[in-house]
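Asker: Since the structure of chain A is already known, use the hints to place chain B on it.
From first to last, the protein sequence lines stand for chains A and B.
If you number the first sequence the way my numbering does, the last residue is 505 and the count never jumps.
If you number the second sequence the way my numbering does, the last residue is 234 and the count never jumps.
Because the hints were derived from the structure by calculation, they are not lab data.
Any given hint could be a false lead.
What the hints assert, rightly or not - 25 Å max Cα-Cα, derived DMTMM-like pairs, lysine to aspartate or glutamate:
id: 1; chain 1: A; residue 1: Lys308; chain 2: B; residue 2: Glu18
id: 2; chain 1: A; residue 1: Lys2; chain 2: B; residue 2: Asp90
id: 3; chain 1: B; residue 1: Lys91; chain 2: A; residue 2: Glu147
id: 4; chain 1: B; residue 1: Lys28; chain 2: A; residue 2: Glu422
id: 5; chain 1: B; residue 1: Lys98; chain 2: A; residue 2: Glu414
id: 6; chain 1: B; residue 1: Lys91; chain 2: A; residue 2: Glu178
id: 7; chain 1: A; residue 1: Lys235; chain 2: B; residue 2: Glu24
id: 8; chain 1: A; residue 1: Lys105; chain 2: B; residue 2: Glu18
id: 9; chain 1: B; residue 1: Lys28; chain 2: A; residue 2: Glu414
id: 10; chain 1: B; residue 1: Lys91; chain 2: A; residue 2: Glu144
id: 11; chain 1: A; residue 1: Lys465; chain 2: B; residue 2: Asp90
id: 12; chain 1: B; residue 1: Lys167; chain 2: A; residue 2: Glu144
id: 13; chain 1: A; residue 1: Lys108; chain 2: B; residue 2: Glu121
id: 14; chain 1: B; residue 1: Lys2; chain 2: A; residue 2: Glu311
id: 15; chain 1: A; residue 1: Lys419; chain 2: B; residue 2: Asp34
id: 16; chain 1: B; residue 1: Lys91; chain 2: A; residue 2: Asp171
id: 17; chain 1: B; residue 1: Lys28; chain 2: A; residue 2: Glu311
id: 18; chain 1: B; residue 1: Lys100; chain 2: A; residue 2: Asp171
id: 19; chain 1: A; residue 1: Lys419; chain 2: B; residue 2: Asp16
id: 20; chain 1: B; residue 1: Lys66; chain 2: A; residue 2: Glu311
id: 21; chain 1: B; residue 1: Lys30; chain 2: A; residue 2: Glu147
id: 22; chain 1: A; residue 1: Lys465; chain 2: B; residue 2: Asp34
id: 23; chain 1: B; residue 1: Lys66; chain 2: A; residue 2: Asp314
id: 24; chain 1: A; residue 1: Lys108; chain 2: B; residue 2: Glu108
id: 25; chain 1: A; residue 1: Lys308; chain 2: B; residue 2: Glu108
Stated by the list, open to error - A few chain A positions that, by computed beta-carbon distances, are all more than 10 Å from chain B:
id: 26; residue: Glu23
id: 27; residue: Leu155
id: 28; residue: Arg216
id: 29; residue: Leu279
id: 30; residue: Leu291
id: 31; residue: Cys342
id: 32; residue: Asp416
id: 33; residue: Lys430
id: 34; residue: Leu455
These numbers come from a predicted model, not from an experiment.
Every residue, glycine too, gets a C-beta built ideally from N, C-alpha and C.
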Amino acid sequence: MKSDVLIIGAGGAGLTAALHAKEKGVSVRVLTKEYPTRAQTCMAQGGINAALGNNGEDSVAAHIANTLKSAHGMANEDAVRHLCQSAPEAVEWLDSIGVCFSRTKDAKIAQRSLGGASAPRACHAQDYTGLKILHSLYDKCLSEGVEILNEKFLLDIITNEDGVCGVSVLDIRSGEVEIYESKSVILATGGYSRVYDRYSTNSTASTGDGIVSALRAGAKLKDMAFVQFHPTGLKNSSILISESARGAGGYLLNSKAERFVDELRPRDEVARAINEQILNGEEVFLDIRHLGEEFINEELPQERKLAKLYENIDPLTDLIPIKPVAHYTMGGIEVDKNSSTCIKGLYAAGECANHGVHGANRLGGNSLLELIVFGKQAGQSAAAYALAHNAAHTAVENIDVNKYAQRDDENAIELDFYKIKEEIGELFYKNVGIVRCEKDLLLAQDTIKEIQSKLYLMGAEDTSKIYNTNRVEFLEFKNILELCAYVVREALNIKESCGAHYRVD
Amino acid sequence: MKITIQRESLHSYEVDLEDVTLLEVLHKIKHTQDSSLTYASGCRSSVCGSCSMRANGREVLACSYKVQDGDLIEPLKNVSVIRDLVVDMDKALSFNAKAKAWSLVSGEVNSVSQENEKLNEVQSDCILCGSCYSACPVYAVNGEFLGPFSLTRVWKYVSDVREEDTKEKIDTIQTNGIWDCTLCNECTVVCPQEISSKADIEKLRARSAMDGYFDPSFSGGFGGGFSFDGSPSF
Numbered sequence: 001m002k003s004d005v006l007i008i009g010a011g012g013a014g015l016t017a018a019l020h021a022k023e024k025g026v027s028v029r030v031l032t033k034e035y036p037t038r039a040q041t042c043m044a045q046g047g048i049n050a051a052l053g054n055n056g057e058d059s060v061a062a063h064i065a066n067t068l069k070s071a072h073g074m075a076n077e078d079a080v081r082h083l084c085q086s087a088p089e090a091v092e093w094l095d096s097i098g099v100c101f102s103r104t105k106d107a108k109i110a111q112r113s114l115g116g117a118s119a120p121r122a123c124h125a126q127d128y129t130g131l132k133i134l135h136s137l138y139d140k141c142l143s144e145g146v147e148i149l150n151e152k153f154l155l156d157i158i159t160n161e162d163g164v165c166g167v168s169v170l171d172i173r174s175g176e177v178e179i180y181e182s183k184s185v186i187l188a189t190g191g192y193s194r195v196y197d198r199y200s201t202n203s204t205a206s207t208g209d210g211i212v213s214a215l216r217a218g219a220k221l222k223d224m225a226f227v228q229f230h231p232t233g234l235k236n237s238s239i240l241i242s243e244s245a246r247g248a249g250g251y252l253l254n255s256k257a258e259r260f261v262d263e264l265r266p267r268d269e270v271a272r273a274i275n276e277q278i279l280n281g282e283e284v285f286l287d288i289r290h291l292g293e294e295f296i297n298e299e300l301p302q303e304r305k306l307a308k309l310y311e312n313i314d315p316l317t318d319l320i321p322i323k324p325v326a327h328y329t330m331g332g333i334e335v336d337k338n339s340s341t342c343i344k345g346l347y348a349a350g351e352c353a354n355h356g357v358h359g360a361n362r363l364g365g366n367s368l369l370e371l372i373v374f375g376k377q378a379g380q381s382a383a384a385y386a387l388a389h390n391a392a393h394t395a396v397e398n399i400d401v402n403k404y405a406q407r408d409d410e411n412a413i414e415l416d417f418y419k420i421k422e423e424i425g426e427l428f429y430k431n432v433g434i435v436r437c438e439k440d441l442l443l444a445q446d447t448i449k450e451i452q453s454k455l456y457l458m459g460a461e462d463t464s465k466i467y468n469t470n471r472v473e474f475l476e477f478k479n480i481l482e483l484c485a486y487v488v489r490e491a492l493n494i495k496e497s498c499g500a501h502y503r504v505d
Numbered sequence: 001m002k003i004t005i006q007r008e009s010l011h012s013y014e015v016d017l018e019d020v021t022l023l024e025v026l027h028k029i030k031h032t033q034d035s036s037l038t039y040a041s042g043c044r045s046s047v048c049g050s051c052s053m054r055a056n057g058r059e060v061l062a063c064s065y066k067v068q069d070g071d072l073i074e075p076l077k078n079v080s081v082i083r084d085l086v087v088d089m090d091k092a093l094s095f096n097a098k099a100k101a102w103s104l105v106s107g108e109v110n111s112v113s114q115e116n117e118k119l120n121e122v123q124s125d126c127i128l129c130g131s132c133y134s135a136c137p138v139y140a141v142n143g144e145f146l147g148p149f150s151l152t153r154v155w156k157y158v159s160d161v162r163e164e165d166t167k168e169k170i171d172t173i174q175t176n177g178i179w180d181c182t183l184c185n186e187c188t189v190v191c192p193q194e195i196s197s198k199a200d201i202e203k204l205r206a207r208s209a210m211d212g213y214f215d216p217s218f219s220g221g222f223g224g225g226f227s228f229d230g231s232p233s234f
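Chain A with its partners taken away, still in its complex shape (with noise of 0.2 Å):
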């Protein structure tokens, strides 16, 4: 099984990659641990940000001036300005692949506002952006022949003294190990806030395996404490309101029906803002009725669907009780101007990455815009650094399969990692959450750490074979715990506060 080009995760980022790489003529294989279209790029609604200007004067000047001060000072400045530079380009592509955008009166890309922007810069498709962007490259990919393999979940990353050589899957199909040589290898997998269990907008599949997996391999991982909670996620399910109702006018209420925050600030300060009053006794809602049944209609329908069907109101005519919940990991793993890791042939794009776009807070309608940006670029460069690489491939070793035997011990099943993982989101929420002080982040620590020591008591139960997702749950609640360590690790290690991580002490 081998590939010039091998790409985990399909995703915005992957599939973008594989469509770059393949361009350039190398072969390309795509490998998800579910289908392509069920990726969480799906979710995003909000928008893909590019200074068009189609709604009002905007410039690159002011979406790299409002990106970085969103990010707190913490961004690569030529990340920000190639990434803001590149976005028109991005916008224009992923229109001639088929995505079918808003329009505007005078047949242009429709464009609306959200948090921390100076102009309406997020081109949207309704409230399914993502969804349509993501279908749109899922059928340019399959229009250029990508190969995508389903429903295999990442282990390990192989490598050797010259770099990577492949990957170990998990086929959940058939429960047996297999092994992918390439001659490089894109990571697109995705980002960690399923670490906050149900107190996280994302999908169940958030659990950062890619990056873990990295990690063991010896690639660096870089500002992993900061975890963006998104200010409207529904109260009882955590999920996503998009910001673009907020843009257009949405107001924050709290019990007393007032107003207590200017609603177009960058994300981290409003979900702050949001915390107080909740811990101050409030309840805090969206209110966009007054923005009337048409605009919601048109703009907003899938979250009308979704307030009727989890919390049994209309946005039309109620409040929407919301509460701020983890959305976006700013963290990944660290890489460079060409999107390449510190192992070499090994790249990273998406949300698993850190370009140093986003520093402490990302900007909405910026994480969209990296996965089609990014995407190009890794997939550019990991094409490039196969054909480099011309040689036969280097054979991949020395693979012991057994080591991924069910379970690595003889010790009964004692503990249940559901519940465990249950009561890790919780704590996450409050004490590696919004606010954080060296007291809460210690009992984080220490928890976590008695939970590794109890690892061995816990394990998948179901022995069989054929589609074990408890066995894959497993494995994501030990990725989850690798990754909570590092988190609450990297928490603790910076005293100061500065955007999404904000300390009290």
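Answerer: Relative to chain A, chain B alone:
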């Protein structure tokens, strides 16, 4: 409340939850009663298409269906079951490529007006959950039928003003495609995104007629594609 799930055999579970989605109930069972229960899920907000299954015979997304006491939960039909409620979507998905449901734009991109965009706004909401293949009686008997979501996808691109050359797409869907549909509308009824593949297939038929194609079931016996009164038979 009690729900019954079709696994290798029927299993009943008692859960202490009310007014919740089916997906929440499945999670509860898996996490507290039976860790071997197998189903797929992802976004919990009806956009990833992972958790399609059947409740009392009707296709639903587990994340948007509110469970009722006594419900019978089964996997999708017309597709091979891998385990419990998890099915193999590869075959249904392969029809997107067979139907060439993709963009062929090259060079300068036509601009799209607000009106143009509305032409395929709903079609581009598809989440590929596969409910329509499960409900389709034609696909049940003809495993080569291109099927509802892939034909909707073809219409999405055919109706897109950015696509200049749609002839190849129309050519591709003549066999095991638009004329095999009985217009029974089951796909429309079960679609969680309110897409009507049936209506899209009718539009593709009209477009095919413009390209000189006729309903093959009327050709031969009825004078080469025209019905008794001489009007085209699409």
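Asker: Against this structure, judge whether each hint is valid.
Answerer: Against the structure, the hints:
no.	hint	result
1	Lys308(A) <-> Glu18(B)	holds (16 Å)
2	Lys2(A) <-> Asp90(B)	holds (22 Å)
3	Lys91(B) <-> Glu147(A)	holds (15 Å)
4	Lys28(B) <-> Glu422(A)	holds (12 Å)
5	Lys98(B) <-> Glu414(A)	violated (50 Å)
6	Lys91(B) <-> Glu178(A)	holds (22 Å)
7	Lys235(A) <-> Glu24(B)	holds (16 Å)
8	Lys105(A) <-> Glu18(B)	violated (46 Å)
9	Lys28(B) <-> Glu414(A)	holds (19 Å)
10	Lys91(B) <-> Glu144(A)	holds (19 Å)
11	Lys465(A) <-> Asp90(B)	holds (20 Å)
12	Lys167(B) <-> Glu144(A)	holds (19 Å)
13	Lys108(A) <-> Glu121(B)	holds (16 Å)
14	Lys2(B) <-> Glu311(A)	holds (23 Å)
15	Lys419(A) <-> Asp34(B)	holds (14 Å)
16	Lys91(B) <-> Asp171(A)	holds (18 Å)
17	Lys28(B) <-> Glu311(A)	holds (19 Å)
18	Lys100(B) <-> Asp171(A)	violated (28 Å)
19	Lys419(A) <-> Asp16(B)	holds (17 Å)
20	Lys66(B) <-> Glu311(A)	holds (12 Å)
21	Lys30(B) <-> Glu147(A)	violated (33 Å)
22	Lys465(A) <-> Asp34(B)	holds (16 Å)
23	Lys66(B) <-> Asp314(A)	holds (17 Å)
24	Lys108(A) <-> Glu108(B)	holds (15 Å)
25	Lys308(A) <-> Glu108(B)	violated (42 Å)
26	Glu23	holds (13 Å)
27	Leu155	holds (20 Å)
28	Arg216	holds (25 Å)
29	Leu279	holds (26 Å)
30	Leu291	holds (19 Å)
31	Cys342	holds (32 Å)
32	Asp416	violated (8 Å)
33	Lys430	holds (21 Å)
34	Leu455	holds (17 Å)
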